[in-house]
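Line order of the protein sequences matches chains A and B.
So the first sequence is residues 1 to 114, counted in this note's numbering.
So the second sequence is residues 1001 to 1111, counted in this note's numbering.
It should be emphasised that the hints constitute simulated quantities derived from the structure, not laboratory data.
From the three backbone atoms N, C-alpha and C, an ideal C-beta is built for every residue, glycine too.
A hint or two may mislead.
[Unchecked claim] In silico lysine-lysine, DSS-like type, Cα no more than 25 Å apart, as pairs: (1) B/K1003 to A/K44; (2) A/K44 to A/K78; (3) B/K1098 to A/K62.
[To be verified] If you want the footprint, here are the derived chain B segments under chain A, 3+ residues with CB under 8 Å: (4) 1038–1052; (5) 1098–1111.
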Amino acid sequence: EAGVAQSPRYKIIEKRQSVAFWCNPISGHATLYWYQQILGQGPKLLIQFQNNGVVDDSQLPKDRFSAERLKGVDSTLKIQPAKLEDSAVYLCASSWDRGTGELFFGEGSRLTVL
Amino acid sequence: DAKTTQPPSMDCAEGRAANLPCNHSTISGNEYVYWYRQIHSQGPQYIIHGLKNNETNEMASLIITEDRKSSTLILPHATLRDTAVYYCIVRTQGGSEKLVFGKGTKLTVNP
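Next up, chain B with everything else stripped away, as it sits in the complex:
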């Protein structure tokens, strides 16, 4: 079973920041938070991951709370092409633990 809780859907206006929340209250100390997204009719795409520090790359920023029980994926300037299902996953780094996908959040970016 997925170890995370996400809202089933969210809307965002084009050009505005999209903030996608994820709850992982049972996360353990050696588990990382991963984010993937899946655009319609495509396979999932890796976005970003982090342990406890905030992370940023060319696609998004990841903000993890100090207690690590929740996180937020931020798309700073959402475009129509960001419409997708976003999955938040917790996983131990370095082992053979599989990625367990939940149902994710369907983000719709509106013009």
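Next comes chain A alone, as it looks inside the complex:
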């Protein structure tokens, strides 16, 4: 089966600019996650969706980050305006439902903010 698709793979922007990342989860997966992974650290959950509703966004910096999952399938994560410390890999993952701990991750989108 097709895995989790993410784009773009790489993005370089200047601080204060905006950027958007796209994720297409595995077909039929109800739960979608966005993680941020800073170099040398483990991934940190930013937001979790169950279908098109938000389950957990407690660690999402809402003054600059936003995410949506229209129609309960694809999702976009936006950063506006970007800061230097937002340089990281943004990982999208999906799972059958929120009760399982078996997540399927995409390859990630690497953001560099100059």
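Given chain A, work out where chain B should sit, using these hints.
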């Protein structure tokens, strides 16, 4: 914060067994132990999980101590492609609890 403690790095010879330890001394009765790995420039990959019995699949074996305060992930015949960061995570099954990743163990398999 992560509820587990892992060594930051380990080395293993190709073809030998790799034994990756994890300490989770505060684990509660309904929490499972999960293992993921992350190969360079890829997203994390699920390996295995267990509650109290030992588990085995095509990728690895998971040995959990009787008191459940620690576990060991075993890769029986490590290959160069097993070089990765391995994460040990404890999580309640069935709820909406998020997966909390620590820094993991960087395993290097040497030829």
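Hint by hint, here is what the structure shows:
1. Only pairs whose Cα atoms come within 25 Å are accepted, and B/K1003 paired with A/K44 is accepted, the gap being roughly 14 Å.
2. Straight-line distance between C-alpha atoms of A/K44 and A/K78 comes to about 16 Å, which keeps the hinted pair within the 25 Å bound.
3. This hinted pair checks out: B/K1098 and A/K62 have alpha carbons roughly 19 Å apart, not beyond 25 Å.
4. Against chain A, the segment 1038–1052 of chain B contributes 7 residues with a C-beta closer than 8 Å to a partner C-beta. That satisfies the three-residue criterion, and the hint holds.
5. Given a C-beta distance limit of less than 8 Å, the hint that chain A covers the segment 1098–1111 of chain B holds, as 7 residues qualify and 3 suffice.
Taken one by one, the earlier hints all hold for this structure without exception.
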